[in-house]
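Student: Here is what each chain is made of, one letter per residue.
Protein chains: 2
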Amino acid sequence: MTPRFELHAMARSGPSYAVGLMLMLCREPFDYRHVDLYKGEHRAPAYMEKNRFGVVPTLIDRTDGHSYVQSASILQYLAEVLGKFGGGDAKQRAEAREWLFWCWDRLAPNLYRSRGMRLGFRQFSFDTAHMYFNEGSSALKFLDEQLAGREWLVGSGMTVADIGLYGVIAFASIGGFDVSQLPNVLGWMKRIEAQPGFAAPQNCLPGESKLVAAA
Amino acid sequence: MTPRFELHAMARSGPSYAVGLMLMLCREPFDYRHVDLYKGEHRAPAYMEKNRFGVVPTLIDRTDGHSYVQSASILQYLAEVLGKFGGGDAKQRAEAREWLFWCWDRLAPNLYRSRGMRLGFRQFSFDTAHMYFNEGSSALKFLDEQLAGREWLVGSGMTVADIGLYGVIAFASIGGFDVSQLPNVLGWMKRIEAQPGFAAPQNCLPGESKLVAAA
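Those sequence lines, one after another, are chains A and B. Each number in the working numbering corresponds to the 1-based position in the first sequence with 88 added. Each number in the working numbering corresponds to the 1-based position in the second sequence with 88 added.
It should be emphasised that the hints constitute simulated quantities derived from the structure, not laboratory data. All of these numbers come straight from a predicted model, not from anything done at the bench. Accuracy of the hints is not assured; some may be wrong.
As the list makes no split between identical chains, a pair holds if one copy fits it or if it spans any two.
[Stated by the list, open to error] Straight-line alpha carbon distances no greater than 20 Å define the calculated SDA-like cross-link-like pairs of lysine to any residue that follow:
(1) K127 - G295
(2) K179 - E168
(3) K172 - L125
(4) K179 - G245
(5) K179 - F141
(6) K172 - A301
(7) K278 - F265
(8) K179 - V169
(9) K179 - I148
(10) K179 - A167
(11) K229 - R100
(12) K229 - N139
(13) K127 - E137
(14) K127 - V300
(15) K138 - R238
Work the whole structure out from these sequences, hints included.
Tutor: Okay, structure coming up:
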């Protein structure tokens, strides 16, 4: 059977992983299309017709062929159309969206850029690298405080807020961040990792285009 | 008549302005509650009960007293409940959300931090300030390209994407950014400024708590 979704992404991209993880947790098989950022495939005109921002990931819903972009927005789209992990009511949906905006304002750029620098994709001055590290560390500490006494970020079950933030924090250590001193974050990560369909970054998106389905 | 919405914010905050502007464009009067950031009122326990992130703005919907936070999320909430500027269909709603995530990933932090530095609220090293300026300039240039041949960011009418991004770009010059060389951005700003209910930053949110209504 042809799967409903086609994911254009790259295995080593954090935002790509978040969307791949969401599809796996939803037990939704998908056609994975490898976009080679090293070869500049995300800047090719055919790709930019699908993604005006020229970044990964892009999700195509084959129901009508429309392309969805921006990982946090894709998570919410999938929650809406699959009826999973969106929150129990309108207030929880808003709350999950609030966490995702906080994530892209305060958490993700600091962690992803620190990682990009360590992996050699990005170059920053010492001062700027230090600023990203400090702001990322503050954001992680804030998250740890917010998770005190809670199992999930929103309400009493896993939502796209948890999945989106996990997709960033899964790469924290590569960026030089130490989550081992953040007990609430650690416990929350373990709860996500115990969910049916969960796949760690190295087991989620493959290195080449192929059909992907949760184990 | 008691207005439906209560906005806790500060006039000089860009995200506060975006929400105030949305309410005015929706012709929705609101009770404005001044939060004095200089006195640390956003960190007071009573305020943080409404806004876990300890930032402005916070919108209270008196229908049930629930607090909504994160300006870009508030814009979408208002679009949903007021049925205005949300986009014509589900695809346009997703597209507006994509622009808002792009805004908080690539545009807003660079412009707001450059402005905060010029106003003396924030301090960054020369290198970091330079990085913010370069990334903000690139984002503005990209936006100008995207607006070529278009009146609005999404579909054929104004949406929360336009309002949210305008709320950032209205402060661009204070951050040292020159939009005078970006003809498509300038034309788009003029279209927004011509809408009924529009208010510029200095005419939108007052310096003290009071009832606010569009002229």
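Student: Take the hints in turn and mark each one as holding or not.
Tutor: Hints, verified against the model:
{"no.": "1", "hint": "K127 - G295", "verdict": "within (14 Å within a copy, 52 Å between copies)"}
{"no.": "2", "hint": "K179 - E168", "verdict": "both (14 Å within a copy, 12 Å between copies)"}
{"no.": "3", "hint": "K172 - L125", "verdict": "neither (30 Å within a copy, 38 Å between copies)"}
{"no.": "4", "hint": "K179 - G245", "verdict": "within (14 Å within a copy, 27 Å between copies)"}
{"no.": "5", "hint": "K179 - F141", "verdict": "between (30 Å within a copy, 17 Å between copies)"}
{"no.": "6", "hint": "K172 - A301", "verdict": "within (17 Å within a copy, 39 Å between copies)"}
{"no.": "7", "hint": "K278 - F265", "verdict": "within (18 Å within a copy, 44 Å between copies)"}
{"no.": "8", "hint": "K179 - V169", "verdict": "both (18 Å within a copy, 12 Å between copies)"}
{"no.": "9", "hint": "K179 - I148", "verdict": "between (28 Å within a copy, 12 Å between copies)"}
{"no.": "10", "hint": "K179 - A167", "verdict": "both (15 Å within a copy, 14 Å between copies)"}
{"no.": "11", "hint": "K229 - R100", "verdict": "neither (25 Å within a copy, 28 Å between copies)"}
{"no.": "12", "hint": "K229 - N139", "verdict": "between (34 Å within a copy, 17 Å between copies)"}
{"no.": "13", "hint": "K127 - E137", "verdict": "within (18 Å within a copy, 48 Å between copies)"}
{"no.": "14", "hint": "K127 - V300", "verdict": "neither (23 Å within a copy, 53 Å between copies)"}
{"no.": "15", "hint": "K138 - R238", "verdict": "between (39 Å within a copy, 18 Å between copies)"}
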